[in-house]
Amino acid sequence: MIESKRIILRRFKSSDLHELLEMLKDKKVMAYTGFREVQTDLQSKVLLDKWIEDSEVWAIVHRTEFHLVGWIMLKKTTQEYPEIGFMLSRRFWSKGLATEAAKALIQFGKASLKVQKIVAVTDETNIPSQRVLEKIGMKKVTLKKENNESSLFYELNL
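To get the numbering used here, take the position in the sequence shown, counting from 1, and add 395.
The hints are simulated quantities; they were obtained by calculation from the structure and are not laboratory data.
For clarity, every value in this text was computed on a predicted model and none was experimentally measured.
Even glycine gets a Cβ: it sits at the ideal position worked out from N, Cα and C.
Treat the hints with caution; some may be incorrect.
[What the hints assert, rightly or not] Taking lysine to aspartate or glutamate and the EDC-like style, the derived pairs with C-alpha atoms no more than 16 Å apart in a straight line are:
(1) 471 with 449
(2) 408 with 444
(3) 498 with 529
(4) 512 with 460
(5) 408 with 448
(6) 512 with 478
(7) 540 with 519
(8) 471 with 451
(9) 505 with 451
(10) 530 with 544
(11) 509 with 451
(12) 509 with 460
(13) 470 with 451
(14) 505 with 550
(15) 423 with 550
(16) 445 with 421
(17) 498 with 478
(18) 400 with 460
(19) 420 with 398
(20) 471 with 417
(21) 440 with 460
(22) 535 with 478
(23) 470 with 448
(24) 498 with 550
(25) 498 with 398
[As the list claims (entries may be wrong)] What follows is a set of in silico ranges between Cβ atoms, one per label pair, in the way DEER data are often shown:
(26) 461 with 489: 28 to 36 Å
(27) 449 with 526: 22 to 30 Å
(28) 522 with 448: 14 to 22 Å
(29) 512 with 435: 35 to 43 Å
(30) 526 with 410: 26 to 34 Å
(31) 436 with 512: 36 to 44 Å
(32) 448 with 519: 13 to 21 Å
(33) 447 with 519: 29 to 37 Å
(34) 449 with 534: 26 to 34 Å
(35) 485 with 398: 36 to 44 Å
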């Protein structure tokens with residue numbers, strides 16, 4: 396478990412399904428994700444079961460309200476270095492919680508996992524995520540256009 400002023404990062408549990416469904420069925424939340432589309436109940440349950448077993452994906456929980464705010468990952472993907480990624484429920488947008496969660500997870504990665512660099516990828520039109528990445532110190536390194544999508548790649552040396 397990782398704690399900061401307003402949030403807790405913890406492993407997912409089966410009781411998170413209801414609030415996770417709320418996020419995964421919201422078209423605006425899903426617009427910039429790798430999923431691109433809202434998820435069915437079954438798809439959401441399968442995803443939750445996977446995340447319960449995955450130590451690289453964390454539930455973001457509001458410290459005082461105890462609501463599931465979203466999820467965040469620091470995960471080895473196809474990139475050379477671990478990738479940070481996040482998604483928040485719309486009701487928690489524009490409150491600084493993604494930035495707070497990302498800073499806490501980066502600190503954990505640096506101190507406990509000895510991570511030396513992290514990367515991130517976001518849609519070129521996803522300005523809120525770009526702002527979060529820049530607030531946590533990440534720098535844009537390249538823009539890739541593929542299959543009618545433009546993705547910005549970021550890096551942070553720790």
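Hints, verified against the model:
Distance hint between residue 471 and residue 449 is fulfilled; the C-alpha atoms sit about 12 Å from each other, no more than 16 Å. Restraint check for residue 408 and residue 444: satisfied, since their Cα atoms lie roughly 8 Å apart, inside the 16 Å limit. Note on residue 498 and residue 529: the hinted pairing holds, with a Cα-Cα distance of about 11 Å set against a maximum of 16 Å. Between residue 512 and residue 460 the CA atoms are separated by roughly 33 Å; this puts the pair beyond 16 Å, and the hint is violated.
Between residue 408 and residue 448 the CA atoms are separated by roughly 9 Å; this keeps the pair inside 16 Å, and the hint holds. Taken as a hint, the residue 512 and residue 478 pair is honoured in the structure, with Cα atoms around 9 Å apart against an allowance of 16 Å. About 9 Å separates the Cα atoms of residue 540 and residue 519, which keeps this hinted pair within 16 Å; it holds. For a cut-off of 16 Å, the pair hint linking residue 471 to residue 451 stands: about 8 Å separates their Cα positions.
Under the criterion of a C-alpha separation no larger than 16 Å, the hint pairing residue 505 with residue 451 is consistent with the structure, at around 14 Å. Distance restraint check for residue 530 and residue 544: the Cα-Cα separation of roughly 24 Å exceeds the 16 Å cut-off, and the hinted pair is therefore not satisfied. Taking the CA atoms of residue 509 and residue 451, the gap is about 14 Å. The hint holds against a cut of 16 Å. Among the hinted pairs, residue 509 with residue 460 is inconsistent with the structure: their alpha-carbon atoms are about 32 Å apart, more than 16 Å.
Taken as a hint, the residue 470 and residue 451 pair is honoured in the structure, with Cα atoms around 5 Å apart against an allowance of 16 Å. Between residue 505 and residue 550, the direct Cα distance comes to roughly 14 Å. Compliance with the 16 Å bound is thereby established for this hinted pair. Taken as a hint, the residue 423 and residue 550 pair is broken in the structure, with Cα atoms around 26 Å apart against an allowance of 16 Å. Annotation: proposed proximity of residue 445 to residue 421 is violated, straight-line Cα distance about 20 Å (limit 16 Å).
A threshold of 16 Å between alpha carbons decides the hint, and for residue 498 with residue 478 the separation of about 14 Å falls inside it, so the pair holds. A distance of roughly 13 Å separates the Cα atoms of residue 400 and residue 460; the hinted pair therefore holds under the 16 Å criterion. About 28 Å separates the Cα atoms of residue 420 and residue 398, which puts this hinted pair outside 16 Å; it is violated. Taken as a hint, the residue 471 and residue 417 pair is broken in the structure, with Cα atoms around 27 Å apart against an allowance of 16 Å.
Distance hint between residue 440 and residue 460 is unfulfilled; the C-alpha atoms sit about 23 Å from each other, more than 16 Å. The straight-line distance between the Cα atoms of residue 535 and residue 478 is roughly 14 Å, inside the 16 Å bound, and the hint therefore holds. Proposed proximity of residue 470 and residue 448 is supported: the alpha carbons are some 13 Å apart, at most 16 Å. Using a Cα cut-off of 16 Å, the hinted pair residue 498 and residue 550 holds, with the two alpha carbons roughly 14 Å apart.
Between the alpha carbons of residue 498 and residue 398 the distance comes to roughly 11 Å, so the proposed pair stays at or under 16 Å and holds. Taking the beta carbon of each, residue 461 and residue 489 are about 21 Å apart, not inside 28 to 36 Å as hinted. Between residue 449 and residue 526 the beta carbon distance is about 27 Å. The supplied range of 22 to 30 Å therefore holds. Between residue 522 and residue 448 the Cβ separation comes to about 33 Å, which falls outside the hinted range of 14 to 22 Å.
Between residue 512 and residue 435 the CB atoms are about 36 Å apart, so this pair conforms to the stated range of 35 to 43 Å. For the pair residue 526 and residue 410, the beta carbons lie near 32 Å from each other, so the given range of 26 to 34 Å is met. With their beta carbons about 38 Å apart, residue 436 and residue 512 fall inside the hinted range of 36 to 44 Å. At roughly 33 Å, the beta-carbon separation of residue 448 and residue 519 lies outside the given 13 to 21 Å, and the hint is violated.
Range check, residue 447 to residue 519: about 33 Å between beta-carbon atoms, so the 29 to 37 Å window is met. Take residue 449 and residue 534: their Cβ atoms lie about 28 Å apart, and the range 26 to 34 Å holds. For residue 485 and residue 398, the Cβ-Cβ distance of about 24 Å falls outside the hinted range of 36 to 44 Å, so the restraint is violated.
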